[in-house]
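Participant: Please put together the full structure from these sequences, using the hints given.
Spelled out, the chains give:
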Amino acid sequence: MSGVAVRLKGRVGPVALDVAFEAPAAGITALTGPSGSGKTSLVRAIAGLLRLEGEVRIGDTIWQGGGGFVPTHRREIGYVFQEASLLPHLSVRDNLAYGARRSGGVDPVALAETVTLLRLEPLLSRGVGALSGGERQRVALGRALLARPRLLLMDEPLSSLDAAAKAEILPYLESLHRSLAVPVIYVSHARDEIDRLADRVLVLRDGRVEPADRRDAEARLAGLSGPERDRLALAALRAGLDGEG
Amino acid sequence: MLDVIWTTVRLAAVTTVLLLVLATPLAWWLARRRTWWKEIVAAVASLPIVLPPTVLGFYLLILLAPQSPMMALLHPFGIRTLAFTFEGLVIGSMVYSLPFAVQPIRAAFEAMGERPMEVAATLRATPWDAFLSVALPMARRGFLGAAILVFAHTVGEFGVVLMIGGAVPGKTEVVSTRIYQLVESLQFGEAHKLAAGLIAFAFAVMLAMLLLERTGTRRP
Chain A
1 MSGVAVRLKG RVGPVALDVA FEAPAAGITA LTGPSGSGKT SLVRAIAGLL
51 RLEGEVRIGD TIWQGGGGFV PTHRREIGYV FQEASLLPHL SVRDNLAYGA
101 RRSGGVDPVA LAETVTLLRL EPLLSRGVGA LSGGERQRVA LGRALLARPR
151 LLLMDEPLSS LDAAAKAEIL PYLESLHRSL AVPVIYVSHA RDEIDRLADR
201 VLVLRDGRVE PADRRDAEAR LAGLSGPERD RLALAALRAG LDGEG
Chain B
1001 MLDVIWTTVR LAAVTTVLLL VLATPLAWWL ARRRTWWKEI VAAVASLPIV
1051 LPPTVLGFYL LILLAPQSPM MALLHPFGIR TLAFTFEGLV IGSMVYSLPF
1101 AVQPIRAAFE AMGERPMEVA ATLRATPWDA FLSVALPMAR RGFLGAAILV
1151 FAHTVGEFGV VLMIGGAVPG KTEVVSTRIY QLVESLQFGE AHKLAAGLIA
1201 FAFAVMLAML LLERTGTRRP
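Chains A and B supply the protein sequences, listed in that same order. Residue 1 is where the first sequence starts when you use our numbering, and the numbers rise one by one after that. Residue 1001 is where the second sequence starts when you use our numbering, and the numbers rise one by one after that.
Since the hints were derived computationally from the structure, they do not count as laboratory data. Built from N, CA and C at the ideal position, the CB exists for glycine as well.
Reference excerpt, derived from the structure (chain A facing chain B, CB under 8 Å, subset only):
1) A47
2) L87
3) P88
4) Y98
5) G99
6) R102
Now the in silico label distances, taken between C-beta atoms and shown as ranges:
7) T1215(B) to S35(A): 34 to 40 Å
8) D192(A) to L1210(B): 45 to 51 Å
9) V1050(B) to E83(A): 35 to 41 Å
10) R119(A) to I1005(B): 57 to 63 Å
11) A16(A) to P1069(B): 51 to 57 Å
12) A26(A) to T1035(B): 40 to 46 Å
13) D1129(B) to E83(A): 20 to 26 Å
14) R119(A) to V1017(B): 44 to 50 Å
15) G129(A) to V1017(B): 28 to 34 Å
16) E1110(B) to G67(A): 30 to 36 Å
17) V70(A) to V1017(B): 37 to 43 Å
18) G1113(B) to A20(A): 28 to 34 Å
19) V1044(B) to S179(A): 53 to 59 Å
Looking from chain A toward chain B, a few residues come up when the C-beta cut is under 8 Å (computed):
20) L49
21) T72
22) I77
23) Y79
24) H89
25) S103
26) R143
27) A147
Facilitator: The following block contains the structure:
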């Protein structure tokens, strides 16, 4: 097993989370579901920012389980928060390098690639205060990638952006999708994002991953490509979301 | 006259440095802990704001005198008393100005929220590394404000330094106690020089604080 395996249980505020799923070693797994279903809590627990009972495994590495709990700073994750959460006292360049310096040093080739991919060159020496919403989120994404993650967690990275900024970032995420070799868990309740990005969809409802027919739809989706896949994904997603309001 | 100014500046500088070091962990604990009873600790640390300096000075004098239990612990090291010494003044000034250090630093840590420390953790920073590379620089304005307040408050203290320092010339006599003695001996001309100097100093400090706050509100 080289992918991600998650089994977590616990109460967070009004939600009783009880989740078990696996995700393959590459590709984007969308985690969706109505507000208050526990999506953010689940991703925080995978990162170790929130302590629930259960297991979190990536490949052969156990981050949580059997009484052990690896603290967040020793989990090789990349985390993109809903608000870019750039470190306000650092320049764009230092924000990008913050995680890289702490995970084996700044690799100039990787830095150059990421800067090119996300078109960050003109922003590098700026402070983060003057950036637009879309620019901030691009920097946050680059910063997470440069920390050499084995798992990329993205918690509604586009939801705080307006339509224009969203349209600016989606293509980056799509090109990332093609080039990235690590698994991504992508929280979103926006159908257009999931439709364009996700390889698999998990629907979280009242703290549980929706079972059975959803899994079937995903299994079928996995073998398809192009418009056929998109059509099925959308249908599956509608089935998962409608009736929630 | 220069000797009292020098003693005053030295006292304020030493107090400021030591107090910032001491207040930082306390302010961090008060800002991050989520229990109600931490406010009991915060209230105790704020007492010097409302207590008359004579009350603080009285208890500190008892604590620093040769027969106190605290000093008994220091006897083996050849220290018999800290009353009427410069070191005693530093301790007294630190207690007296503690709230002026803790509150701005605590407020700065609280304003930061928890997110930056979480971000640092997801980027592999250990808690200590994150504290040094994120929390301290983000709270720097709180530290600057605390430093200015503590320095100025120490220069402006009178009751505590008189009670535990005794205004020993060349040792524990500071500007405020010298002014008192000059007035007692009717040397008004000399008293004016020091008093007017303190007014100018106080004005400069308050102006600096207000300008610091202005630059703070402009930035997000």
